[in-house]
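Mind docking chain V on chain D? Use the hints.
Protein sequence lines, in the order shown, are assigned to chains D and V. For the first sequence, counting from 1, position 570 maps to 570 in the UniProt record's numbering; every step adds exactly one. For the second sequence, counting from 1, position 571 maps to 571 in the UniProt record's numbering; every step adds exactly one.
If you're looking for bench data, these hints aren't it; they were derived computationally from the structure. All figures in this text were calculated on a predicted structure; none of them were measured in a lab. You may find that some hints are simply not true.
Note that the list lumps identical chains together, so a pair holds whenever it fits in one copy or between two copies.
As the list claims (entries may be wrong) - DSSO-like mimics (lysine-lysine), calculated; alpha carbons at most 27 Å apart, straight line:
#1 106 to 118
#2 209 to 87
#3 124 to 63
#4 500 to 315
Number of protein chains: 2
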Amino acid sequence: MDLIQVEIAQQTTLFNDLRKQQADASAVDEVKKKLGELKRALAALTGESSKDGGKKKERILLKTPKGTRDYGPSEMHCREHIERIVKDVFTTYGGSCLDTPVFERKEILAGKYGEDAKLIFDLKDQGGEELALRYDHTVPLARYFAMNGALNTQAKLWQVGKVYRRDNPVMSKGRMREFTQADFDIAGIFDTMIPDAEIISLVCTIMTKLEVGDFTIKLNHRKILDGIFEVCGVPQEKIRTISSAVDKLDKMPWADVKKEMTEEKGLDSAVADRIGEYVKHKGGPPLLDLLQADAALMANPSAKAGIEEMGLLFKYLEAYSVVDKISFDMSLARGLDYYTGIIYEAITEASAPPGFNAANAFASTSDAPQPTPAPTPTPKKKAKKTDGQEDEEEVDESKVGVGSVAAGGRYDNLVGMFTAAAAGGGKKAAQLPCIGVSIGMDRIFAIVWPRWVERGMRSKDTMAYVMAAGDGLLTERVRLVQELRAAGIKTDFLFKNKPKLPAQFAAGEKDEAPFAVILGGDELKEGLVTVKEQRWEIVDGEKRKVQSADQGTKVKRSELISWIKSTPTYQGWATGKLL
Amino acid sequence: MDLIQVEIAQQTTLFNDLRKQQADASAVDEVKKKLGELKRALAALTGESSKDGGKKKERILLKTPKGTRDYGPSEMHCREHIERIVKDVFTTYGGSCLDTPVFERKEILAGKYGEDAKLIFDLKDQGGEELALRYDHTVPLARYFAMNGALNTQAKLWQVGKVYRRDNPVMSKGRMREFTQADFDIAGIFDTMIPDAEIISLVCTIMTKLEVGDFTIKLNHRKILDGIFEVCGVPQEKIRTISSAVDKLDKMPWADVKKEMTEEKGLDSAVADRIGEYVKHKGGPPLLDLLQADAALMANPSAKAGIEEMGLLFKYLEAYSVVDKISFDMSLARGLDYYTGIIYEAITEASAPPGFNAANAFASTSDAPQPTPAPTPTPKKKAKKTDGQEDEEEVDESKVGVGSVAAGGRYDNLVGMFTAAAAGGGKKAAQLPCIGVSIGMDRIFAIVWPRWVERGMRSKDTMAYVMAAGDGLLTERVRLVQELRAAGIKTDFLFKNKPKLPAQFAAGEKDEAPFAVILGGDELKEGLVTVKEQRWEIVDGEKRKVQSADQGTKVKRSELISWIKSTPTYQGWATGKLL
Numbered sequence: 001m002d003l004i005q006v007e008i009a010q011q012t013t014l015f016n017d018l019r020k021q022q023a024d025a026s027a028v029d030e031v032k033k034k035l036g037e038l039k040r041a042l043a044a045l046t047g048e049s050s051k052d053g054g055k056k057k058e059r060i061l062l063k064t065p066k067g068t069r070d071y072g073p074s075e076m077h078c079r080e081h082i083e084r085i086v087k088d089v090f091t092t093y094g095g096s097c098l099d100t101p102v103f104e105r106k107e108i109l110a111g112k113y114g115e116d117a118k119l120i121f122d123l124k125d126q127g128g129e130e131l132a133l134r135y136d137h138t139v140p141l142a143r144y145f146a147m148n149g150a151l152n153t154q155a156k157l158w159q160v161g162k163v164y165r166r167d168n169p170v171m172s173k174g175r176m177r178e179f180t181q182a183d184f185d186i187a188g189i190f191d192t193m194i195p196d197a198e199i200i201s202l203v204c205t206i207m208t209k210l211e212v213g214d215f216t217i218k219l220n221h222r223k224i225l226d227g228i229f230e231v232c233g234v235p236q237e238k239i240r241t242i243s244s245a246v247d248k249l250d251k252m253p254w255a256d257v258k259k260e261m262t263e264e265k266g267l268d269s270a271v272a273d274r275i276g277e278y279v280k281h282k283g284g285p286p287l288l289d290l291l292q293a294d295a296a297l298m299a300n301p302s303a304k305a306g307i308e309e310m311g312l313l314f315k316y317l318e319a320y321s322v323v324d325k326i327s328f329d330m331s332l333a334r335g336l337d338y339y340t341g342i343i344y345e346a347i348t349e350a351s352a353p354p355g356f357n358a359a360n361a362f363a364s365t366s367d368a369p370q371p372t373p374a375p376t377p378t379p380k381k382k383a384k385k386t387d388g389q390e391d392e393e394e395v396d397e398s399k400v401g402v403g404s405v406a407a408g409g410r411y412d413n414l415v416g417m418f419t420a421a422a423a424g425g426g427k428k429a430a431q432l433p434c435i436g437v438s439i440g441m442d443r444i445f446a447i448v449w450p451r452w453v454e455r456g457m458r459s460k461d462t463m464a465y466v467m468a469a470g471d472g473l474l475t476e477r478v479r480l481v482q483e484l485r486a487a488g489i490k491t492d493f494l495f496k497n498k499p500k501l502p503a504q505f506a507a508g509e510k511d512e513a514p515f516a517v518i519l520g521g522d523e524l525k526e527g528l529v530t531v532k533e534q535r536w537e538i539v540d541g542e543k544r545k546v547q548s549a550d551q552g553t554k555v556k557r558s559e560l561i562s563w564i565k566s567t568p569t570y571q572g573w574a575t576g577k578l579l
Numbered sequence: 001m002d003l004i005q006v007e008i009a010q011q012t013t014l015f016n017d018l019r020k021q022q023a024d025a026s027a028v029d030e031v032k033k034k035l036g037e038l039k040r041a042l043a044a045l046t047g048e049s050s051k052d053g054g055k056k057k058e059r060i061l062l063k064t065p066k067g068t069r070d071y072g073p074s075e076m077h078c079r080e081h082i083e084r085i086v087k088d089v090f091t092t093y094g095g096s097c098l099d100t101p102v103f104e105r106k107e108i109l110a111g112k113y114g115e116d117a118k119l120i121f122d123l124k125d126q127g128g129e130e131l132a133l134r135y136d137h138t139v140p141l142a143r144y145f146a147m148n149g150a151l152n153t154q155a156k157l158w159q160v161g162k163v164y165r166r167d168n169p170v171m172s173k174g175r176m177r178e179f180t181q182a183d184f185d186i187a188g189i190f191d192t193m194i195p196d197a198e199i200i201s202l203v204c205t206i207m208t209k210l211e212v213g214d215f216t217i218k219l220n221h222r223k224i225l226d227g228i229f230e231v232c233g234v235p236q237e238k239i240r241t242i243s244s245a246v247d248k249l250d251k252m253p254w255a256d257v258k259k260e261m262t263e264e265k266g267l268d269s270a271v272a273d274r275i276g277e278y279v280k281h282k283g284g285p286p287l288l289d290l291l292q293a294d295a296a297l298m299a300n301p302s303a304k305a306g307i308e309e310m311g312l313l314f315k316y317l318e319a320y321s322v323v324d325k326i327s328f329d330m331s332l333a334r335g336l337d338y339y340t341g342i343i344y345e346a347i348t349e350a351s352a353p354p355g356f357n358a359a360n361a362f363a364s365t366s367d368a369p370q371p372t373p374a375p376t377p378t379p380k381k382k383a384k385k386t387d388g389q390e391d392e393e394e395v396d397e398s399k400v401g402v403g404s405v406a407a408g409g410r411y412d413n414l415v416g417m418f419t420a421a422a423a424g425g426g427k428k429a430a431q432l433p434c435i436g437v438s439i440g441m442d443r444i445f446a447i448v449w450p451r452w453v454e455r456g457m458r459s460k461d462t463m464a465y466v467m468a469a470g471d472g473l474l475t476e477r478v479r480l481v482q483e484l485r486a487a488g489i490k491t492d493f494l495f496k497n498k499p500k501l502p503a504q505f506a507a508g509e510k511d512e513a514p515f516a517v518i519l520g521g522d523e524l525k526e527g528l529v530t531v532k533e534q535r536w537e538i539v540d541g542e543k544r545k546v547q548s549a550d551q552g553t554k555v556k557r558s559e560l561i562s563w564i565k566s567t568p569t570y571q572g573w574a575t576g577k578l579l
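This is chain D alone, in the form it adopts within the complex (with noise of 0.2 Å):
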């Protein structure tokens, strides 16, 4: 908009206002004569007929880019609820918060996301560094470590922030390009399996802090994993390429993951076989009794380890007494490359694709009665466009699941790869053994929130609002306002000079505010003023005034603060126990 434009939209204004306070004709004339000259010298700058005054311009999509939304009131009154219990259990458990830059250099983020990378944003290239949006908080906690000195950290620390994937968005299951993922770290040498508990403690404490219903925890270990897949003859080269086909198997049956691996992926139909054989495997403390009792596994060194490590987990877990929510489950094998250690994810109902049930994924190789075999949940892809420019497809949103509402494992390595490649790979990199979740904050609330409208949750905090039955009152209402504000009472009041009472009581209404204030001239005079008490209730599942005959109570307007805080109304909003 060039300054001229402005320029004419303000003289507009004022044009207006004069108009509307019927000032001296004078006036409006030269602001009239002067948004002529304005608009005369507007046309010529852009070669328009001066009767359009800039008029003729292309029309503007007003949207949020592909993949992203905007919160408003409501649902972010939701949201910070969310973020709130996450950031307490993580202090509880005695993290540090970290932050980072939204953005980092792209060497940084190079390599570390194997077929991933292509979803990478990057930022257009204007005269400087080549930079990207970040796509997780580990790569750049890891650079963190890297430039903070790895070998003497040991260190709890958690990051809440937005991260970027240029990937299909379903909005409606919380999965988008710019989402919120909140991370819990623990770095440092410490004795094997103990911050690997811990971390499994604090999902756990989460979860169930934040009611999303039944949840369960997905456990396996990497080196249990590469075991399997050399046991079974996998070529080394194809280890992670295999491991990524397998870890589809709680969204496609394996009749569909067995295909990936021979048609797409080249593997013996044989070793597939026997693949499958071990990654149908899921449960508790017993199905490491079968792994134990496998020779061939047990020969393996790699499996040999996990499978040792992981009797040590469950010993740990017990102690932190969630073993009931683990699944030891072989096929979860995580995407992102820098695993070392452990994996793990954390599912609810709302995690598979609806009609989806990964108990039936092996149904056509199991020896157990066939059930109904169910629909095959491949996203249907459909030619969608949304605004003219995308050349993307959109998926079928009824076809997918929110997917795992929290997920992690430990990688041991990758402080060591940047420590290494900043010395050039000459000497030996400092290493910095890690662990870590992220909790996917969209998924939680696309779960979180159709429960909170059902229960009619408040937007907004606001306690008292604050009103006059007679002639304005603005300074009486304003210093009023600010005393409650000064004692901690969130308070609010209608902007007008001498507004109307109904009005006064629809704006408080349209706040929820539990507390109406009413202040008259003459009851003020005699030191008093009415308080009257609101509440709300749903009635067949909408939110609505309950209607009372109650006059209100007259209180001395000295004790207002100290009666409004003595009230159970508020003491339950003010600790939290009412939302």
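Just chain V, lined up with the frame of chain D:
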């Protein structure tokens, strides 16, 4: 990083683990053989000699992008404290939270920032929409209002998040390319100047609670400023650019500003002198009387309207009891195009460039005795290259102040510009009057942080550190830690099986945990634990632990939680009175 390199890293870890555990020679050999195969496979792929195994990679630079930085645990503890205060005031004043994406469609940002549009960070075109990082919160907010039915909106919305400007950073003064702004905006049709007074009161409340030292709210009105320019004879098309020059009077003497007006911007010297006579004024309500007595100014419709509104505003600010914080400053102009009414900035002692005194800006044109002129504060350019890629010059940080710590104004046309542009300019645009303020969180941090360090503030909130005096007692430690955490007591322990007591004390002291809880085998059998309170003090500017001969208190394990919670120390931390 190639998948094979990941595999090499993992096998290397396994190889080292096995050697450490003194595993079978055959197992070690097997892993060694596999490693050799992998390295040969990698060499074949990359064409390197197998001996180096991929070590000759290019060295990467471990740093954050220019103008950005990490905030570590201690700093984040302080930043969270600042953010908590700001958000608390926002909700106390009736605000609701809004969150918009970090990037916007380019056409949304286009034409809103005048000469500063060149500072916008663009994203790379990767097929799809043209996107750019947000420059402030105001334009996304206006886009949100325009998308969600502007005319009916009455809202107080706040946003806290990062915004982006490709400017020359001055990191030590909190002037960054990525920085956090906390915005509060009031939208809707209300009686004149009431929301305006509310916003100014909000800024005063926040500045008082943040303890940034003495502060002043500089206040002016775009209508008065425009009227002055007209009365002085500035041509219409030069008003905005002359306005930008006037705005520099907080860091440049009048002589330099005048030179910019006449030499760079071609203004007549006599016109500039007339402007100088007006903009040198600052003060309180008496300045209004002075302006009202100026017949030439009062004959200008824009100036007259502005002066009347300022009179009303001062009346309301009286009711809010904040007039003593206000400086009606006729040189305040603000750079952004979209303001239409009052504009304001909060400044502190740290705002001005070191050695520059704005009160002396008019020294050479004043009749008062001439004080020693301040050194010319125009930032010196230094050709300091940061990373061999940037071609921009760095500014000399010692010559730059923190600048304003909060700023804003009324912008009644911005939402209407969006509704008009979305409608293609054909029909009448839906307007929504708005007023808002942006708080510069990094600048506030730059002021608060040194004081925080001086006072030896804690960097985390861990309350209790659980230790074992006996034989490790890992299970017992984990169980007690989990009980304390479940009771809301932030607790940690050392992740070792059989740690020595001094190592555990050292770890607890690193966290500055005020309660050391010590478990001993025999005591536990009697149902007892030992609690030792830890204290710190500042001596000669250094924080250190208070040495004490106290052997600790024996407490019943079953009463430990209530015992800790009843201590003055715990209550001090928990209520935030001690930081």
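Right, here's what the structure says about each hint:
1. 106 to 118: both (13 Å within a copy, 23 Å between copies)
2. 209 to 87: both (12 Å within a copy, 23 Å between copies)
3. 124 to 63: both (21 Å within a copy, 19 Å between copies)
4. 500 to 315: Answer is between; shortest inter-copy Cα gap is 22 Å, intra-copy 68 Å.
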